[in-house]
Each structure stands twice: as C-alpha cells, then as structure tokens.
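**Student:** So you can see what is in the structure, the chains are spelled out below.
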Amino acid sequence: MPRSTKTKALSKTPTGIAGFDEITRGGLPTGRTSLVCGNAGCGKTLFATEFLVRGAMQFGEPGVFMLFEESPEELEQNVASLGFDLKALQDKQLLVLDQIRVERSEIEETGEYDLEGLFIRLGFAIDSIGAKRVVLDTIETLFGGLSNPAILRSELRRLFRWLKDRGITSIITGEPGEGQLTRQGLEEYVSDCVILLDHRVQEQLSTRRLRIVKYRGSAHGSNEYPFLIEESGFSVLPVTSMLLQHTVSDERISSGVPGLDEMLGGEGYYRGSSILVSGTAGTGKTSFSAHLVDAACRRGERCIYFAFEESQEQFVRNMGSIGFDLGQWVKKGRLLFHATRPTLHGLEMHLVRIHKLVEEQKPDLVVIDPISNFTSVGKQVEVQAMLLRLMDYLKARQITAFLVSLTSGSSALEATEVQVSSLIDTWLLLRAIESGGERNRVLYVLKSRGMAHSNQLREYRLTDRGVDLLPVYVGPEGVLTGSMRLAQEAREAGQAVEQRQELDRRQRELEIKRRTLEAQIGALQADFEHVRRESEALNGEANGRLETIERQRQTMNEIRGGKRSTTSSSGKTRKAPRRRA
Amino acid sequence: MSKSKQSPKPESWDLRLYVAGQTPKSLAAFENLRRICDEHLPGRYTIEVIDLVVNPKLARDHQIVAIPTLIRKLPEPLRRIIGDLSDTQRTLVGLQVSPHEGKSK
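Protein sequence lines correspond, in order, to chains A and B. Heads up: the first sequence at position 133 corresponds to 133 in the numbering used here, and the numbers run straight through without jumps. Heads up: the second sequence at position 59 corresponds to 59 in the numbering used here, and the numbers run straight through without jumps.
It should be emphasised that the hints constitute simulated quantities derived from the structure, not laboratory data. Even for Gly, the Cβ is constructed at its ideal location relative to N, Cα and C. Take the hints with a grain of salt, since some may be wrong.
[Said to hold, decoys possible] Below, in silico cross-link-like pairs of lysine-lysine (DSS-like), each with a Cα-Cα straight-line distance of 30 Å or less: (1) 87(A) x 164(A); (2) 57(B) x 87(A); (3) 214(A) x 87(A); (4) 12(A) x 164(A); (5) 356(A) x 12(A); (6) 73(B) x 57(B); (7) 92(A) x 57(B); (8) 92(A) x 214(A); (9) 164(A) x 57(B).
[Said to hold, decoys possible] Residues from chain A that keep clear of chain B, each with C-beta distances beyond 10 Å, as calculated: (10) 39; (11) 121; (12) 216; (13) 229; (14) 353; (15) 516.
Work the whole structure out from these sequences, hints included.
**Tutor:** Dropping the structure here:
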C-alpha cells in the first residue's frame with residue numbers, strides 16, 4: 001500500500017502526553033516510526049502505553065501494542081496504577097495487546113527464515129481494529145531469541161518500511177548499548193524521530209529527563225526536559241518560552257492587610273504579578289500569605305498553597321491562631337494545599353508538579369512557602385532558573401504568585417537566598433528590630449513595580465485578628481518600636497497633660513485678673529456717676545440761685561417801675577444748663 | 001494443504017508447519033520436512049500445514065514469529081524449529097529424533 005508522497009509539511013500525531021506535544025510542536029511524525037530509548041526503568045514502556053491509550057481515548061485512533069518482554073496481564077497491571085484501563089480499551093476494540101515470545105532455548109534454527117509471522121500478526125491486529133498507532137516494545141528482544149542478526153536486521157528494515165507504507169504512526173523502544181542509543185543500533189533504521197529518556201540520580205535525588213535527539217523535518221526544543229511519572233501518567237515539563245510577552249493586568253487585588261494596601265498605592269498588588277515577602281525567621285511571612293489567601297478565597301478565587309515546611313493541618317491550625325479559618329476554604333475547594341518536603345524530589349520534579357497542579361486546578365493565586373528551601377535540593381543557579389521558569393509560566397497565565405523567602409540571619413537583608421529579586425514585581429521586606437529588651441517587627445515595601453508605594457517603615461503586630469499595622473514612632477530619638485514606642489508615647493501623653501494643665505492655670509489667672517479689672521471699672525464708674533450727679537446738683541442749685549436773684553431783680557425793677565426784659569432773661573436761663581452739661 | 005498419514009503407532013509424531021503463502025521457502029521447508037520424516041519416522045507422523053495468509057489469527061494464537069516454523073505438538077514437550085529445514089541434522093536435533101531411532105525401524 002504505497003502512499004502518495006506529500007509535499008506539504010510533516011504532519012504530526014499528537015501523543016496526548018502532557019507537555020510532550022508542546023515541545024515537539026505537535027507530537028510524533030505521522031505515519032513514521034519513532035524510537036524511544038533509555039535505560040531500564042526510565043519509562044519507555046509507559047511513554048509508549050500512554051501514546052496508545054491517549055490516542056484511543058482522546059484522538060479516536062486505535063492502537064496495537066506488541067509486547068516482546070512482558071505479558072499483556074503484566075502490562076495491564078503495571079499501568080492500572082496510572083489510571084489506564086487497558087482491558088476496557090480492548091473490549092471497546094480500541095486496543096490490541098499481542099505478546100511475542102521468542103525463547104531461544106525452545107527454538108532450533110535450520111536454514112533460511114523470515115519474520116513474516118510477525119508481519120502477519122501485526123497486520124491482522126491492525127486490520128482487526130483499524131489501528132493507526134503501533135508500539136513495538138522492545139523489538140530488540142528478538143535479537144536475543146533469534147541467532148541470525150543479518151536476517152533480523154533486514155527484516156526490521158522491512159518492518160519499518162512496511163509500517164510507513166501503511167501510514168501507521170509507531171513507536172519502537174530500545175535500551176542503550178555501547179556507544180549507541182540502542183543495543184542493536186536501531187537508530188540507523190529509525191531516521192525520523194529519536195527520543196531519549198533518562199533517569200539519573202544526583203545527590204540522592206532522582207530526576208527523569210527527556211531529550212529529543214533527532215526530529216527530522218521539524219523544529220523541536222533541544223534541551224533536556226524533566227518529566228514526571230505519576231498517578232495520571234507521563235508528563236513532560238514544557239519549558240516556557242523565555243520571551244517576555246505576557247499580557248499584563250491593571251486589576252489590583254487586596255493584600256488582605258488593610259494598612260498594607262495603603263502602602264501599595266492604596267489598592268494592593270497587581271493581579272498576575274510576582275510578589276516576594278522575605279524576612280528572617282519568625283517575622284510572620286506566612287501570616288502575610290494567609291492574609292492574601294484568605295482575601296482571595298473570600299473573593300471566590302482559587303488558590304494553591306505549596307508548603308515545603310508545614311503540613312496542611314499544622315498550617316490551618318497555626319493560621320487559626322491569628323484568626324484565619326482557612327479550613328473552610330479547603331472544604332469549599334477554593335484552597336488546595338500541597339505540602340511536601342523539598343527533598344522529596346529534584347527541582348524539576350517540583351516544577352513539574354507545580355505545573356501539573358496549576359494546569360489541573362487553574363488557580364488565581366499560587367503561594368510557594370518558602371522558596372529558600374529549594375537550595376537544599378539544587379544549586380543556586382538551578383533554583384534561580386527554575387523559579388524564573390515558574391514565574392514566567394504563572395505570569396503568562398495571569399496567576400498571581402506569592403513567594404515566601406527566608407533570609408538567614410547571616411546574609412544581607414536585601415538579598416534572598418535564591419537571588420530572585422530581579423524577577424519580582426513587589427517585594428515586601430520584613431525585619432525584626434531588637435531594642436529595649438524586645439524584638440519587634442517592621443515592614444517596608446522594598447520595591448513595587450508600576451505603582452506609587454509607601455517609603456514608610458511600618459511596625460506590625462501579629463494579633464488574633466491577623467497582621468495589624470501600626471505607625472512607627474519616629475522622633476528625635478530615632479525609630480522606636482514595641483514597648484519603647486509605647487513608653488515614648490506615654491511620655492508624650494504625660495507631657496501633653498502637663499501642658500494642658502499649665503494652660504488651664506494661666507487661663508484661670510487671666511480670668512481673675514480680668515474680673516479684678518472689671519470690678520475696678522465698676523467702682524470707677526460708680527465714682528464717676530456720683531461726681532456727675534453732684535455736679536448736676538450743684539448746677540441746679542446755682543441756677544436756682546441765679547433765678548432767684550433775677551426774680552428779685554425783676555421784682556425790684558417792677559417795684560422801681562423799670563421796663564420789662566422777660567424775653568432776654570428767659571433766653572439766658574435756658575442756655576445756661578446746656579453749657580454746664 | 002497436503003497431509004500424509006500412515007497407520008499410527010504408540011508414539012506418533014504430530015507436526016505442524018506454519019507458512020505464509022506458497023513462497024519458495026515454504027515449499028522448500030515442506031519438501032525437506034517430508035523427506036526427513038519419511039526417512040526417520042516412516043509411518044509415524046502427521047504433518048499439518050497451516051497457511052497464515054489464509055488464517056492469520058493462528059499466528060497470534062500459536063505464537064508464530066518466524067516463517068517457516070515447524071512445531072512438534074506431539075510427543076511432548078513442544079518443540080519449535082524455524083527455517084526452511086535445509087539442514088537435516090539440525091532439524092533432527094530440533095525434533096529430538098535420533099537418527100539411530102529412525103534407522104532401526
């Protein structure tokens with residue numbers, strides 16, 4: 001069945017394996033044979049199985065699995081733990097398992113032969129369900145069972161050609177030999193796509209990695225990609241592109257600490273930004289993350305909390321002591337807690353796990369508490385690279401990342417153990433100030449990109465209602481915190497009382513003085529009135545006397561018979577008192 | 001296909017030859033097998049030729065990979081011989097027929 005040669009670009013068959021289709025930009029080459037090789041236990045069989053299972057379940061492409069090493073029952077059991085029900089797929093005519101057993105001790109070879117039996121079986125299996133995918137795991141076993149490598153080689157060449165002609169997308173697996181990717185040099189025949197799986201242990205931590213050695217006619221990532229085998233199968237960590245092209249949000253989200261929002265331009269963090277809170281031990285870093293988580297859950301958002309120091313119960317209990325009922329969010333499914341020891345697996349594994357959970361849960365907020373612990377499982381450069389990838393990844397998905405970092409006492413405060421400062425958008429620095437026989441906590445915003453933020457140092461306390469921000473006392477004696485601040489405040493309050501009392505006293509004195517003066521004014525006015533009255537009385541007396549004298553004079557004139565001058569004399573008498581007044 | 005049968009003796013040989021179509025190799029294998037059996041197991045063997053092109057399902061059921069394959073079903077235990085049976089000595093070893101046994105009869 002020769003296929004017409006196509007001139008269009010290589011078409012690809014998606015494997016459905018998380019991440020793999022991304023790094024190969026589409027999957028395995030359609031209608032070609034790909035080689036998946038690696039040491040025993042590196043996950044070859046699982047990769048191949050998942051290729052078939054996903055093909056059958058997600059892409060409607062039935063598959064044939066030719067087993068050369070295990071029995072179908074063994075394979076079914078092995079992958080059942082990963083949630084693959086091969087039995088059901090076989091019942092639905094989506095999968096055929098066929099075991100090829102070649103026991104050298106049972107076989108005598110006499111003369112010429114070929115592998116037509118294998119072809120017939122494969123062809124029959126393919127035709128019985130209309131298979132589009134084939135896995136041969138591990139075909140090299142044939143070299144152990146049959147003694148004529150020349151025949152085998154030519155037959156395998158024919159087999160790959162045959163699969164290609166039928167347009168079957170296939171995977172063969174192989175274990176590495178000396179200086180070769182496979183013991184029998186199968187890579188010579190499989191020229192289209194070669195994938196190398198690796199399982200290595202470094203400093204007692206195992207990491208699985210995948211590398212695409214060759215992919216003819218296609219662009220592909222050439223790095224080593226970590227991958228994970230876990231409950232839901234195989235997942236490859238796609239390295240997020242290092243391009244800084246994420247869309248950004250103007251939306252602001254509350255930090256959950258009222259005073260802190262005001263320090264951050266009054267509105268809180270940006271959604272989708274990376275926030276770092278760093279500080280020495282016991283400064284309440286986790287409490288700040290609890291605030292943020294609680295606030296997010298209250299808004300109905302989803303959060304994942306990756307804890308590397310505390311278990312869920314411990315965390316919920318501890319945060320209960322500062323007034324957070326985070327258990328309710330866990331119950332409502334808004335908060336997912338993922339607690340592991342950093343040393344559980346290598347760095348990449350952590351990253352893959354975080355990726356996987358984020359992909360599944362699609363949270364709005366991710367908290368990693370703390371990032372500084374990763375240095376115990378990786379070199380600083382690696383940790384930094386991992387966090388960079390993680391932050392890029394989260395940013396691209398508009399997920400707010402809240403990272404907690406422990407600063408050890410000996411290192412500089414403005415340095416984090418893992419040197420991620422340049423990747424951070426908002427950095428809160430917590431520190432303890434020791435003075436006056438006690439240790440008090442202060443907070444400041446070291447940086448916050450894209451917003452006007454406070455330059456203030458703020459004291460905070462961990463109360464049973466969470467973090468409580470207080471204004472820091474800054475006075476002539478420097479920054480004071482804690483009871484020294486309280487003492488200073490009390491001192492100032494005392495001084496204020498004294499001042500008020502002094503003022504009152506002086507006011508009272510002045511009042512008395514005023515009243516005295518008023519009294520004096522009253523006395524003077526009384527005197528004045530007395531004098532006035534007296535002078536009026538005197539005037540009245542004098543007028544009376546003058547009138548008497550005038551009358552006597554008139555009387556005397558009348559008596560003497562003189563002329564009347566009443567008019568002029570009465571005018572004089574009317575004017576006289578007015579002048580006196 | 002063809003079947004040769006002689007009067008069964010207490011120890012009868014039940015042989016199956018798996019082929020894929022009438023290829024030169026298949027024909028050669030059948031010829032070689034008949035010759036060897038006639039010589040070493042006269043009258044004590046049955047040969048069933050199974051063409052997998054006609055009946056492909058049997059390839060899976062009987063675990064056939066190489067063609068041609070000869071299976072000795074009886075006597076027990078089961079033996080497999082692959083190839084065109086051109087090497088008589090090896091075929092006899094494979095069938096576990098001692099040349100002596102054949103000639104004595």
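**Student:** Against each hint, give a clear statement of whether it holds in the structure.
**Tutor:** Comparing the hints with the structure gives:
1. With a CA separation close to 28 Å, the supplied pair residue 87(A) and residue 164(A) stays within the 30 Å bound.
2. Among the hinted pairs, residue 57(B) with residue 87(A) is consistent with the structure: their alpha-carbon atoms are about 20 Å apart, no more than 30 Å.
3. Annotation: proposed proximity of residue 214(A) to residue 87(A) is violated, straight-line Cα distance about 34 Å (limit 30 Å).
4. For the given pair, residue 12(A) sits about 14 Å from residue 164(A) by alpha-carbon distance, which is consistent with the 30 Å threshold.
5. Using a Cα cut-off of 30 Å, the hinted pair residue 356(A) and residue 12(A) holds, with the two alpha carbons roughly 24 Å apart.
6. Among the hinted pairs, residue 73(B) with residue 57(B) is consistent with the structure: their alpha-carbon atoms are about 18 Å apart, no more than 30 Å.
7. Distance check on the hinted pair: residue 92(A) and residue 57(B) sit about 19 Å apart at the alpha-carbon level, within 30 Å; holds.
8. With a C-alpha separation of about 35 Å, the suggested pairing of residue 92(A) with residue 214(A) is violated against the 30 Å cut-off.
9. For the hint linking residue 164(A) to residue 57(B), the alpha-carbon distance of about 23 Å falls within 30 Å, and the restraint holds.
10. Here residue 39(A) stays apart from chain B, with its beta-carbon at least about 26 Å from theirs, past the 10 Å limit.
11. Interface exclusion of residue 121(A) from chain B breaks down, the closest Cβ pair being 5 Å apart, not more than 10 Å.
12. Every beta carbon of chain B lies more than 10 Å from that of residue 216(A), the smallest distance being close to 30 Å; the non-interface claim holds.
13. Distance check on residue 229(A): its Cβ is at least 30 Å (rounded) from any Cβ of chain B, clearing the 10 Å threshold; non-interface status holds.
14. Annotated as non-interface, residue 353(A) keeps its C-beta farther than 10 Å from every C-beta of chain B; the closest such distance is 41 Å.
15. No Cβ of chain B approaches the Cβ of residue 516(A) within 10 Å, the least distance being about 128 Å, so the stated non-interface status holds.
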